[in-house]
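With the hints as extra help, turn the sequences into a complete structure.
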Amino acid sequence: MITIALAKGRLATKGLERLIQSGITFSEYDEKSRKLIFESDDKQARIVFVKAMDVPTYVSLGIADVGIVGKDVLLESDGVVNELADLKFGACRLCVCGLKPLPTDRKPIIASKYPRVSERYFNAHGIDVDIIKLEGSVELAPLLQLADGIVDIVESGLTLKENNLNIYTTITTSSARLIVNPRSYKIKLKALQPIIKAIHQGESV
Amino acid sequence: MVLQADPTMSLAHYMSKQSESSLRKFAMVSSVHRAYTLQSKRHEHFKQVGIEVFYDQGNYDEEVCELALKALELAQIKDVVIELGHVMFMPSLLQTLRVPSVLLEQILPLIQAKDMPLLEASMIDLPLQVQIIIKKSMTWFGPVEDVVDKIKSEMNDPSLLGIVDELNQLSNYLKQLNPKINLILDFTTQKSLSYYQGLTITAYSPHSAQPLLSGGRYEYKEEESSPSMTAIGFGLNVALCAKLSTIQPTKMSTIAIITTPEKKLQALFKANEYRTLGNRVHVLFDEDEVKTTDYDQMIVIDKEQA
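Protein chains in written order, with the working numbering: chain R, 291 to 495; chain Y, 58 to 363.
Don't read these hints as lab results, they were simulated from the structure.
It is possible that some hints are incorrect.
[Stated by the list, open to error] Once the Cα atoms are required to be at most 25 Å apart in a straight line, the calculated BS3-like pairs of lysine-lysine come out as: (1) Y:135 with R:478; (2) R:480 with Y:104; (3) Y:232 with R:478; (4) Y:82 with R:478; (5) Y:237 with R:478; (6) Y:348 with R:478; (7) R:478 with Y:321; (8) Y:135 with R:333; (9) Y:308 with Y:348; (10) Y:104 with Y:127; (11) Y:300 with R:478; (12) R:478 with Y:171; (13) R:378 with Y:171; (14) Y:192 with R:487; (15) Y:193 with R:480; (16) R:333 with R:478; (17) R:480 with Y:348; (18) Y:209 with R:478; (19) R:480 with Y:308; (20) Y:232 with R:487.
All figures in this text were calculated on a predicted structure; none of them were measured in a lab.
So, in structure tokens, the structure goes:
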């Protein structure tokens, strides 16, 4: 059986849609259910719902064979996975934002859910910063003066606008990626192919 | 911090100091500290058993792979998949396709990571036909016949087909030894250990994310100017194999052998006999206080028996 790791939300909905369109159906699945594991009707696959940040971990450790995850999460993760395709949905940007530009007369403080991406970015630009890791509502950090700026994902920019925050730099763009465990990719290739094709809309990778 | 390095390099260093190069075969049991293959920036520490063969003539691929198979058979692990690869295939393919060397250096790690979006982005300036072949080559792994046919239908370069034939012949040899073997070929292999230069062998189990066994052929050079040595070997992760082995551990009995100082030697021999059968044995003298409930069996060797 092939295990597919998904993070509840838009990426999972879209991924599930594609599986169902290809005939891999999950009639037991109910969006409102608190169940975390659902088997496909043909018992050939199962989906497991995990936190977005944990998708690469489950896949890299072989607990899940396949996963759908944002590139932003992959960049932050240290899991070793094969990134088979850009699924071209869930597009967003990873940006440096704040109420005003970062101070130059002292070490700026950055709050982020993405400390590794932030560190890599500021190191690459020779900017010495202190990074505070937050788990959510990162926009609050500059408003409450916890940080001078934030590194966070921006989709429509509406949340930033409503909190009077500005985008100063785009670090990278992100979209949903199809990832696979390297060992599973080799030894379960036949069983994986229909799932990869389904998620990648007919394209085998 | 002291790290226990892979013994392969120490052996190669030792061999390079020998005045006469000749065939040398080593068996090793070692404790290894190595980059964790599942998560970057982490290290793991494990016990491995393995072999290394250093040689300046001939070919020891078959012998070493056969030993690797035998080791796995003895460990009685279910559903093992053996993967043969060749780290020179992809660089040769890219050279054949006239990929500029700067780009080749960028592309090889992406092939190793099978990072398709970045690979596609890196190839954007290459001719479309070259891009298509490189993209196709990312699927050149799987059951032997399938992958060999796929490559032969796409490529006719003799050096590439030479590598394909080399792995195909080795697979045939291994299949003759064990027709039930689950064998795959992977021409996209890029080993994380840079010293590998040719054939690689890896054994996987669907029940573990870590490989059970890993090895390959490599060239070692003490210095840039020194002659290179060829070697082939493998290491088998002992704890992982023990965990996945279907061999049931035999129940160990605790036996007390009670004797007199005069019969001590006889008792020790007897103790050794029982130990080799997998028992825990205590040799006690008759004046010692013996708690009978601590033992499954008690044997008395005294003057009368003698």
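**OP:** List, from low to high, the hint numbers that the structure doesn't satisfy.
**Re:** Hints 2, 4, 6, 7, 17, 19 and 20 not satisfied by this model.
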